[in-house]
Amino acid sequence: MVVRSARLGDFHVEEKDMITFHDGILGFPESKGYAWVHSIEPNLPIECLQCAINEQLTFMIVDPFLFAPEYEFELSEEIKQTLNITSEEQIVIRVILTARSDSNTTLNLRAPLIINVTNNKAVQIILDGPQYQLQYPIGRG
Amino acid sequence: MLVLTRAKGQKIMIGQDIVLTVVEVNGDQVRLGIDAPSDISVYREEIFQSIKEQNEIAAKSDLTKEQLEVLKMMLKKKVE
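Which chain is which? The protein sequence lines are U and P, in order. If you count the first sequence from 1, you need to add 4 to reach our numbering. If you count the second sequence from 1, you need to add 8 to reach our numbering.
It is worth saying that the hints were derived from the structure and are not from the lab. Where a beta carbon is used, it is the ideal one built from N, C-alpha and C, also for glycine. All the pointers check out, no bait thrown in.
Cβ pair distances, simulated, as ranges:
#1 81(U) / 52(P): 17 to 23 Å
#2 27(U) / 41(P): 18 to 24 Å
#3 26(P) / 97(U): 26 to 32 Å
#4 132(U) / 73(P): 35 to 41 Å
#5 34(P) / 42(U): 48 to 54 Å
#6 48(P) / 97(U): 20 to 26 Å
#7 37(P) / 14(U): 48 to 54 Å
Just chain U, same shape as in the assembly:
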C-alpha cells in the first residue's frame, strides 16, 4: 500500500511493515496503524513510524540498547497477553527519539514501544522508576 508522509514523501510499504498499536501511541489514540520505515538516514540506525492515516504524524525511533546498554525492564504478563507473545524472539523494543530545539537529542526510556514482530501488534508502555528517563540525553548537536 501507499502511505503518505509529509516528512518522508509518499512511499510504498509492504504488509509486513505495517504495525498496529493496540491503544495507539499515547496522546494519539485515534491513530493505530503505522508504517515501519527501517532506515531514514544512511549509516545511522534511525527508523521511522509513519502514521497510515495522518501524513503529519511521524516518529523517529531507535533501538535503545545501542545508546543505553544498561537499559532493562521486565515485560508484564498482561502486555505479553495483549500482544500474543509466546517467545522472546518475537519481541522487538524501540524508543521514541526527540530532537529538541535546544539542540539536544533525547530518548524516551520511560515509555518504550513493544512490538511483536510475528503479528505486528505493538503497545507503548509506561515504566515505573527513576532510572527510566523521559529525556535520556544521547548527544548535543
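Since chain U is already given, all that's left is putting chain P on it; use the hints.
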C-alpha cells in the same frame, strides 16, 4: 463530574468489571486499589500527561544535520 463519598474499605464500580477500592486514607493522601481487565490501561494522570507531551514534541521534531553528525560520532565511539 460525579462526586461520591466513600470510606476506607468501600468500593466503586465503573461499568461491570472495573472496581476501585479505598485501601487507606492518611491525611490528604488516599491509596486506591484498582481491579480492571488487562486490556484497560491504568496510569497516574501526571505521568500519562508527561508521556503524552513528550510524544507530541517528538512527533514535531526533526534532526538537524549537526545532530545527525553527533549521533554518528557517538555510535562510532561505542563500536570502537
